[in-house]
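Peer 1: Just so you know, the protein sequences line up as chains A and B, in that order.
Position one of the first sequence corresponds to residue 1 (the working numbering), numbered consecutively onward.
Position one of the second sequence corresponds to residue 371 (the working numbering), numbered consecutively onward.
If you are wondering where the hints come from, they were derived from the structure by calculation, not from laboratory data.
All values derive from a computational prediction rather than experimental measurement.
Here a beta-carbon is modelled for each residue, glycine too, at the ideal position from N, C-alpha and C.
Please note that a few of the clues may not be correct.
With a cut-off of at most 30 Å between alpha-carbon atoms, the simulated DSS-like pairs for lysine-lysine come out as follows [claimed, not checked]:
no.: 1; chain 1: A; residue 1: Lys61; chain 2: A; residue 2: Lys235
no.: 2; chain 1: A; residue 1: Lys235; chain 2: A; residue 2: Lys279
no.: 3; chain 1: B; residue 1: Lys537; chain 2: A; residue 2: Lys321
no.: 4; chain 1: A; residue 1: Lys366; chain 2: A; residue 2: Lys308
no.: 5; chain 1: A; residue 1: Lys61; chain 2: A; residue 2: Lys308
no.: 6; chain 1: B; residue 1: Lys497; chain 2: A; residue 2: Lys366
no.: 7; chain 1: A; residue 1: Lys366; chain 2: A; residue 2: Lys61
no.: 8; chain 1: A; residue 1: Lys61; chain 2: B; residue 2: Lys497
no.: 9; chain 1: A; residue 1: Lys40; chain 2: B; residue 2: Lys497
no.: 10; chain 1: A; residue 1: Lys245; chain 2: A; residue 2: Lys308
no.: 11; chain 1: A; residue 1: Lys40; chain 2: A; residue 2: Lys321
no.: 12; chain 1: A; residue 1: Lys235; chain 2: A; residue 2: Lys321
FRET-style restraints, in silico, Cβ to Cβ [to be verified]:
no.: 13; chain 1: A; residue 1: Met161; chain 2: B; residue 2: Leu508; range: 32 to 40 Å
no.: 14; chain 1: B; residue 1: Gly503; chain 2: A; residue 2: Arg168; range: 54 to 62 Å
no.: 15; chain 1: B; residue 1: Ile521; chain 2: A; residue 2: Arg215; range: 16 to 24 Å
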Amino acid sequence: MSGTGAAGINPVKAGASPALREGKVMKLPPFLSIDRKRIKPFSDVTRYGYAVGRIRVLETKMLNTQRLERLVEADFESALNILDEIPVGDYLAGATLALEVDEGLTAYLRDVYASMEEALPRGSLIMEFFLCRYDFHNLKVLLKAAMEEKEPQGLLEGLGMVGLDALRRGVENPAAMPSPYREAMEEAVQRTSPQELDTLVEKHYLAYRLFLAGREDSPFIIDFARASIDLANLKLVIRARLLSKEREFLDAMIVRGGFVPAVNLLDLFGDPPEMMARKLEANIYYSRLMEIAESEDQVVRLTDFDRKGEDQLMDMVRGMKRISVGVEPIFAYLRARENEVLIVRMILIAKLHNIPPDAIDRSLRKLYID
Amino acid sequence: MVEAFGGLSGLHWALLGAAVAVIGGGAGSGMGITYVANVAGGILTEMPERFGPLLPLVVIPGTQGIYGFITGVLVIFIMEPSAGWAALPGALGFQIFLACLPVAFVCFVTGAYQGLTAAGAAGMVAKRREEMGRSLVLPALVETYAVLSLIVTILMFFIVISPEISKLAS
Numbered sequence: 001m002s003g004t005g006a007a008g009i010n011p012v013k014a015g016a017s018p019a020l021r022e023g024k025v026m027k028l029p030p031f032l033s034i035d036r037k038r039i040k041p042f043s044d045v046t047r048y049g050y051a052v053g054r055i056r057v058l059e060t061k062m063l064n065t066q067r068l069e070r071l072v073e074a075d076f077e078s079a080l081n082i083l084d085e086i087p088v089g090d091y092l093a094g095a096t097l098a099l100e101v102d103e104g105l106t107a108y109l110r111d112v113y114a115s116m117e118e119a120l121p122r123g124s125l126i127m128e129f130f131l132c133r134y135d136f137h138n139l140k141v142l143l144k145a146a147m148e149e150k151e152p153q154g155l156l157e158g159l160g161m162v163g164l165d166a167l168r169r170g171v172e173n174p175a176a177m178p179s180p181y182r183e184a185m186e187e188a189v190q191r192t193s194p195q196e197l198d199t200l201v202e203k204h205y206l207a208y209r210l211f212l213a214g215r216e217d218s219p220f221i222i223d224f225a226r227a228s229i230d231l232a233n234l235k236l237v238i239r240a241r242l243l244s245k246e247r248e249f250l251d252a253m254i255v256r257g258g259f260v261p262a263v264n265l266l267d268l269f270g271d272p273p274e275m276m277a278r279k280l281e282a283n284i285y286y287s288r289l290m291e292i293a294e295s296e297d298q299v300v301r302l303t304d305f306d307r308k309g310e311d312q313l314m315d316m317v318r319g320m321k322r323i324s325v326g327v328e329p330i331f332a333y334l335r336a337r338e339n340e341v342l343i344v345r346m347i348l349i350a351k352l353h354n355i356p357p358d359a360i361d362r363s364l365r366k367l368y369i370d
Numbered sequence: 371m372v373e374a375f376g377g378l379s380g381l382h383w384a385l386l387g388a389a390v391a392v393i394g395g396g397a398g399s400g401m402g403i404t405y406v407a408n409v410a411g412g413i414l415t416e417m418p419e420r421f422g423p424l425l426p427l428v429v430i431p432g433t434q435g436i437y438g439f440i441t442g443v444l445v446i447f448i449m450e451p452s453a454g455w456a457a458l459p460g461a462l463g464f465q466i467f468l469a470c471l472p473v474a475f476v477c478f479v480t481g482a483y484q485g486l487t488a489a490g491a492a493g494m495v496a497k498r499r500e501e502m503g504r505s506l507v508l509p510a511l512v513e514t515y516a517v518l519s520l521i522v523t524i525l526m527f528f529i530v531i532s533p534e535i536s537k538l539a540s
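Pulled out of the complex, with its shape left as it was, chain A reads as follows (with noise of 0.2 Å):
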């Protein structure tokens, strides 16, 4: 077959028509167009449905207020045998100690993250949004081991995308690795203190899940992201000045992406929490600093930051719950677990150092199931 017609026109390369080839081509009428946004529903639900389905059933296993009350009342025993009553229990048993607690608590995250792969439909990246998190703490952790020519101490082993053994490779040659890993390497090369490095790898860890959020096309994921990354310069902002450092080391190491702008946050560098809340005013973040700048403490400050930005988080996951089907309710509840971890890990911590549940108590952070 030539693949030519009579005319002696190729129409697959020439273009079907004339009125196409001139590129004449009528546009649909508004009517018949069809907008993204109204078919995602449609999309959705049969993309993440059936992980969706999981997840409701998976969601009535998890730690609730009433047993955590009970969990920061017991004893360490007590707590395991409280524990016992959800999924997470059965990778704690017969842990007496802080090394074991930690490896159950990482086994269970692994699976917890391993079944939701399995349910997810193929190119979902809502898996890597949580991974990345670990690749970028394992990055971290090598690159801070080079620059201060140690052993590597620290680091996840099975959790993550990208695997140990190739960051391990990377670090000796970051062109072999994939973005946004070997731009944070290349970067890495002109830090000279590990709390450099730890900013740096941060600002690239937080900007490349805004790009998966956005790739991911979900407003509430976004709106996650982006908070995460307006907490995160806050913090930035509040630390340097209590390291007393340069306005151009804040304004490279501000992630851009956030709610706030960075010439806003450039405008509060220097500003004392108290000065940085009323500059904030209408702002999101204002109740926040507010209740940090009533602190005395700068230490504190930070930590209570920390603690009351992950709740703020955790608010805006609390909010994904009105989706019925979608990527959402599949972020929240990985995100649900994640903070399941942090809270039984603190809880067993603490209870091996015989810890008052009062202050434990203090330290607790937001659950998503009430």
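Put chain B on the given structure of chain A with help from the hints.
Peer 2: Coordinates of chain B only, in the frame set by chain A:
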């Protein structure tokens, strides 16, 4: 030879109406069942014992397909003149086509949306088995409009078109 309407004979219009009703209802139901079945599949993976309470929710978007089918059957068996299809004028065939449109469009849209509603309601059943009754009410509200469209189509058939067809015979 009876006159055509818009270039199509009465039989052509009647068949087009039946086809549009069956396609609209069937496609809406197919989409709706797919949506809720996706969620139900996930729930059943974790909790196979919930099959019973979930089944009505999976089935409920299927009714629109039945309404489309009923409309198609009514056209084929009730609308035929006693002198045969060839005696049906184009204008009357066009009326049959118009009478099929409520079911075709409403059942397509409600079938898909009922699937979405039922998918959300399936989450209620996953969390609490005793919510089964209440969870059925929500998608059943969407059903109301599919039923109304079928009633209007049937009324058009029997109140408006059937007497005209009877006159043809006389």
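Peer 1: Each of the hints needs a verdict: does it hold here or not?
Peer 2: Here is how each hint holds up against the structure:
| no. | hint | result |
| --- | --- | --- |
| 1 | A:Lys61 x A:Lys235 | violated (34 Å) |
| 2 | A:Lys235 x A:Lys279 | holds (15 Å) |
| 3 | B:Lys537 x A:Lys321 | violated (60 Å) |
| 4 | A:Lys366 x A:Lys308 | holds (9 Å) |
| 5 | A:Lys61 x A:Lys308 | holds (26 Å) |
| 6 | B:Lys497 x A:Lys366 | holds (21 Å) |
| 7 | A:Lys366 x A:Lys61 | holds (17 Å) |
| 8 | A:Lys61 x B:Lys497 | holds (10 Å) |
| 9 | A:Lys40 x B:Lys497 | holds (25 Å) |
| 10 | A:Lys245 x A:Lys308 | holds (24 Å) |
| 11 | A:Lys40 x A:Lys321 | holds (17 Å) |
| 12 | A:Lys235 x A:Lys321 | holds (28 Å) |
| 13 | A:Met161 x B:Leu508: 32 to 40 Å | holds (38 Å) |
| 14 | B:Gly503 x A:Arg168: 54 to 62 Å | holds (57 Å) |
| 15 | B:Ile521 x A:Arg215: 16 to 24 Å | violated (47 Å) |
Taken one by one, the earlier hints fail for this structure at numbers 1, 3, 15, listed in ascending order.
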